[in-house]
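Listed below are the residues making up each chain.
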Amino acid sequence: MTKGRPCVSQSLPDISALIYLWVLEMQKFTKNELAQYNGKDGAPAFIAYEGKVYDVSHSFLWQDGRHQVLHTAGVDLTASLDQAPHGADLLERCPVIGMLDED
Amino acid sequence: MAKVAREMVERAGVNVDQLLELLVKNAAAELTTYYYYTILRVNLIGLEGEGIKEIAEAARIEDRNHFEALVPRIYELGGKLPEDMKEFHDMSACPPASLPKDPTDIKAMLTVLVEAERCAVRGYTQICNMTAGKDHRTYDLSLAILNEEIQHESWFSEFLGEGPSGHFLRRGETSPFVRKFLE
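Here the protein sequences come in this chain order: B and A.
So for the first sequence, our numbering puts the first residue at 1; every next one is plus one.
So for the second sequence, our numbering puts the first residue at 104; every next one is plus one.
By construction, these hints were calculated from the structure, which means they are not laboratory data.
Note that beta-carbon positions come from the ideal geometry of N, C-alpha and C, so glycine has one too.
Heads up, a few of these hints could be off.
Said to hold, decoys possible - Just the calculated beta-carbon pair ranges, DEER-fashion: (1) B/Ile97 x A/Arg274: 48 to 58 Å; (2) A/Asp187 x B/Glu25: 37 to 47 Å; (3) A/Glu276 x B/Gln27: 51 to 61 Å; (4) B/Gln27 x A/Glu286: 55 to 65 Å; (5) B/Thr78 x A/Glu276: 39 to 49 Å; (6) B/Asp64 x A/Ile142: 19 to 29 Å; (7) B/Ile97 x A/Leu150: 37 to 47 Å; (8) B/Leu18 x A/Leu272: 47 to 57 Å; (9) A/Thr207 x B/Leu81: 29 to 39 Å; (10) A/Leu263 x B/Phe60: 15 to 25 Å; (11) B/Asp82 x A/Tyr178: 31 to 41 Å.
All chains should be modelled from the sequences, with the hints used to inform the complete structure.
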């Protein structure tokens, strides 16, 4: 077992182990890297929420990296979602393509 | 443009340019929804389809009324509608309420309808939050529209069997909340 990592069962891969492996496979984004995916000038539109990075490029509601006038892609919107007239469930419609590196 | 009316809203701390963009986007959503609901309505046929045609029609007419009610406020605040209809369509605050691949699938039809109404409920809630206690006229208008959008959502939600809401079909005229803005 690697120090500092949760133990992954060798026999029965339970759901937490599968999630852990999935997280390991995910691309990591720093905040600066995320900022490049702002949906402008043909760039993909990615946003972060609670550590996950979502690809909202194909959402009608995120055209040109803007959402309902007030929000832009390429940033962590965790705090903003508390003020939004919808919950995180709507984000689940968009694919998770990575994890936000908090460092 | 109503100069003092805009000035009052600005002085209350509202970003009027942002508010105007939201109002135009929601006006676009109303007019495009009116268009898409027209297509949905004509495809609501058969025993099941005819059962929801009446509420789809009421929602369609009321969404057009919402567009009509929003436009004067946009111009009062110094905004305007785009000259290009395609641009107007594409800037909508809500996705197109497109006809499902199988129009005989009534559940799919109702899902399109309820999703459109839910988008509208979110949009007007946002405008109400932004204008409450600051821009009384836009707040009053948005609240009136919100009341009708919530009823539309409830109608379609009940047909999907999501639970009772206590709302009934319109008796009499459409737009009981928004009518005062339609002079």
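Structure-based check of each hint:
no.	hint	in the structure
1	B/Ile97 x A/Arg274: 48 to 58 Å	50 Å, holds
2	A/Asp187 x B/Glu25: 37 to 47 Å	44 Å, holds
3	A/Glu276 x B/Gln27: 51 to 61 Å	56 Å, holds
4	B/Gln27 x A/Glu286: 55 to 65 Å	56 Å, holds
5	B/Thr78 x A/Glu276: 39 to 49 Å	45 Å, holds
6	B/Asp64 x A/Ile142: 19 to 29 Å	27 Å, holds
7	B/Ile97 x A/Leu150: 37 to 47 Å	44 Å, holds
8	B/Leu18 x A/Leu272: 47 to 57 Å	49 Å, holds
9	A/Thr207 x B/Leu81: 29 to 39 Å	38 Å, holds
10	A/Leu263 x B/Phe60: 15 to 25 Å	22 Å, holds
11	B/Asp82 x A/Tyr178: 31 to 41 Å	34 Å, holds
Against the hints set out earlier in the document, no violation occurs for any number.
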